[in-house]
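There are 2 protein chains.
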Amino acid sequence: MGFGERMSESSENLQANRKEIGVAIVGCGTVGGATASILLNQQNRLSKCIDVPILLRAIVDVDFTHARELGLDESLFTENLDAVLSRDDVQIVAELIGGTDKAKEVVERALRAGKNVVTANKALLAHHGFELVKLARENSVCISFEASCAGAIPIISVLTEQLACDRIDAMYGIVNGTCNYILTAMSQQNRTYSEALAIAQQHGMAEADPSLDVMGHDSAHKLAILAALAFGQRIDLEKIYVEGINNLHPQDIQYGKELGYVIKLLAVAKRQGDALSLRVHPAFISTLHPLAWVSGPFNAVSIYAENAGHLMFYGRGAGVPATAAAVVGDIASIALGNAQRKFDKLRLWPDRNEPAKQLDIGTVRCRYYIRLQVEDRPGVFAQVARILGDRQISISSLLQHESGPGRTDGVPVVITTYDALEANVQAALAEINQLEVTKAPCVCIRMVAEHPEKMNS
Amino acid sequence: MGFGERMSESSENLQANRKEIGVAIVGCGTVGGATASILLNQQNRLSKCIDVPILLRAIVDVDFTHARELGLDESLFTENLDAVLSRDDVQIVAELIGGTDKAKEVVERALRAGKNVVTANKALLAHHGFELVKLARENSVCISFEASCAGAIPIISVLTEQLACDRIDAMYGIVNGTCNYILTAMSQQNRTYSEALAIAQQHGMAEADPSLDVMGHDSAHKLAILAALAFGQRIDLEKIYVEGINNLHPQDIQYGKELGYVIKLLAVAKRQGDALSLRVHPAFISTLHPLAWVSGPFNAVSIYAENAGHLMFYGRGAGVPATAAAVVGDIASIALGNAQRKFDKLRLWPDRNEPAKQLDIGTVRCRYYIRLQVEDRPGVFAQVARILGDRQISISSLLQHESGPGRTDGVPVVITTYDALEANVQAALAEINQLEVTKAPCVCIRMVAEHPEKMNS
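Chains as they are written, first to last, in the numbering used here: chain A, 1 to 457; chain B, 1 to 457.
Where hints are given, some of them may not hold.
For chains that are exact copies, the list does not tell them apart, and a pair is met inside one copy or across any two.
Said to hold, decoys possible - In silico lysine-lysine, BS3-like type, Cα no more than 25 Å apart, as pairs:
1. K357 to K239
2. K48 to K270
3. K48 to K357
4. K357 to K134
5. K134 to K104
6. K19 to K257
7. K48 to K134
Simulated from the structure, these hints should not be mistaken for lab results.
Only a predicted model underlies this, so the values are computations on that prediction, with no experimental measurement involved.
Let's have the full structure, built from the sequences with the hints guiding it.
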């Protein structure tokens, strides 16, 4: 489509001639309510920062209980989305209802009505980003979603501006605050997974049904969104390997600690040749790793770029004010006209790119932490060592604590390996699990090293 | 000036109608050369990322030795800046000559010729930012300077986009890679300042004349630039309190370590009421502080915003590829038209704001590390304690190691205080230094606590 001049010019004019920008919020739950509060209560400040007045025109929902609790202006309340979408003085629709079905419908209707869309909805974008971006482009508007990934961390802004022309080699993220909170509690307070989850729920850090978070899917959604922009390729969510934190045992976290490692749920995206390795799984990282100190509800994303080198972005990955701040940031960027420019002139967006070659988890090479539960008698370790050796898996360290005599459930033996191929490790573990001396299936946790920086000088 | 429509429209049109953007680099030293290399050698990649071709049209210098070493296209070399500035196919001038006199002249001539300017020159901006920004606006172009602060960390991009509408309460930065490298060596390898400086110089991490870095002025330049944008106020560089690292003693760094603190050169900007406290000085921070793990040549900037909460940005603060990456990022942002929009429509720029009320260092309240060198005999500490108590300075901890008998040079006694007023501390220290029992002037290092986050929910 050439230089995209046609579209960019039409949208340019749309923005450039506006003396004010009207916003409608659809969905007035916690994030929608906080966004409305910022737009209404911080109106004076906003006007001091930016030469384009941003005016909240409507709050669309079917239940205004929360909106009333916040004391929002009731004259803005409406159940009639159609009426809002037909208003000429609304240029931006902020979809903050969550879920995917209803939200998708709202976003599609807004885009078709020629409204720019801001959304915090990672599930929606991870599943339907390609078609929604395409639909936005067909309607000469843009869709912005800073709040969908890592809360207030302006990671999408950075990927689509300062880093847009750099070549990103790898990205490592702690992008789920619930999981990081639970893992921090397990690690620092020596809690079981269930205890830590209960604490997180008590503190409002985990949902009543936490499965989307703890099973890693929420992190995979964010990884799909970020990787698409970082690498300028279309990402298939279904092909991202996902492993959650819900099966982690405190004893492994403690063994890891003894060895100098801390456990994190990592979202990893790496170039390997002309393909991408994308995965979400618990990982042991050295206490010296740049992500090791990121604890509690905080998120962080590390990026390794050819020219810029290693960059890391840290902040509140969730929570109402942080998410609302990101939504308001997107609204401001649309009001400035910059979001539209990025959307028109950058070729990073999924509708402008081919599908990525996504590698299978079996192709990963890293170090592994393996805990065996085996009989405590002569010759056992020789069997294990043979199986590992046969598959080119070298042992880096071994840890077996003294145990009392006569245990019939086996004793734990912890092995760390040198770099090995995942496919080989899985095959070896399957074989070890079949051994008569093995009393429980092996536990296997990937150990992720700090990414090497390629410095040009 | 109303909504800035006139300017923004004229510049809009300038950018929007361009099918390509021409760049001239002035000054082909290490950063200029690396920028030229990226623009020439990564041309294919740039064209895949952005719909606006970015073309290097000229390299202006008087000595092309380095340019030739890099194998840059000799047809671009010219000594004639005037000829370059008169070309219609050059829209951006990247000033990369450094220093302030010649650089200022080049930037002014480029702006007057209607060229957008990209510069990495922090000294120039800290001293003359106000007038240069004003001159850019008068000529309907913009001036971008991401590379001037914290290298490849996109901190200016973030301050002028996602955070432009948030209210920033405080900023804490480690913004000088040379100092951080030296302090890391002093701390981790127990080196003296002179030894650590020599190591830094051997590794290309410090200049032959390191005074601008080690005395804190380079950090103050960056603080002046960042604080102006973060707080939307004009900053007077001369009123920033500056203390360098060149007088630090290894024994204080080791005492700090014993107490659980690490030493960093911090650039601090905080709101206090309607005024700003701006300062650069060595500080002890807890090993649990978010900036504590930032070591070696890395930089980091922590920002505390009302809505977004705590954000931290980390990366290579200096070095040739990182700085060149930031310059190229600015060029891309100008090519997109976004830099101009930010420049036109945000009210953060110093020419649109009043001078800040900058507080004197005496108004700082924090904890203090104080090392006395006093006679080891009864009653000495009572005198010291009385002087501190008289000035509302409470002692939080005391540390005195056993020493051999008969020392005439006094023994070191380390005190940490609770929060106290700087003016009181300095007065107390002046008094203690006058005591007969004091054998050497007190050493005093501020202890900076983690900034409290005001969370809205």
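Comparing the hints with the structure gives:
1. K357 to K239: Close inside one copy (10 Å), not across copies (56 Å); limit 25 Å.
2. K48 to K270: between (42 Å within a copy, 19 Å between copies)
3. K48 to K357: between (47 Å within a copy, 18 Å between copies)
4. K357 to K134: within (21 Å within a copy, 49 Å between copies)
5. K134 to K104: This pair counts as within: shortest intra-copy Cα distance 14 Å, inter-copy 46 Å.
6. K19 to K257: neither (58 Å within a copy, 56 Å between copies)
7. K48 to K134: between (35 Å within a copy, 19 Å between copies)
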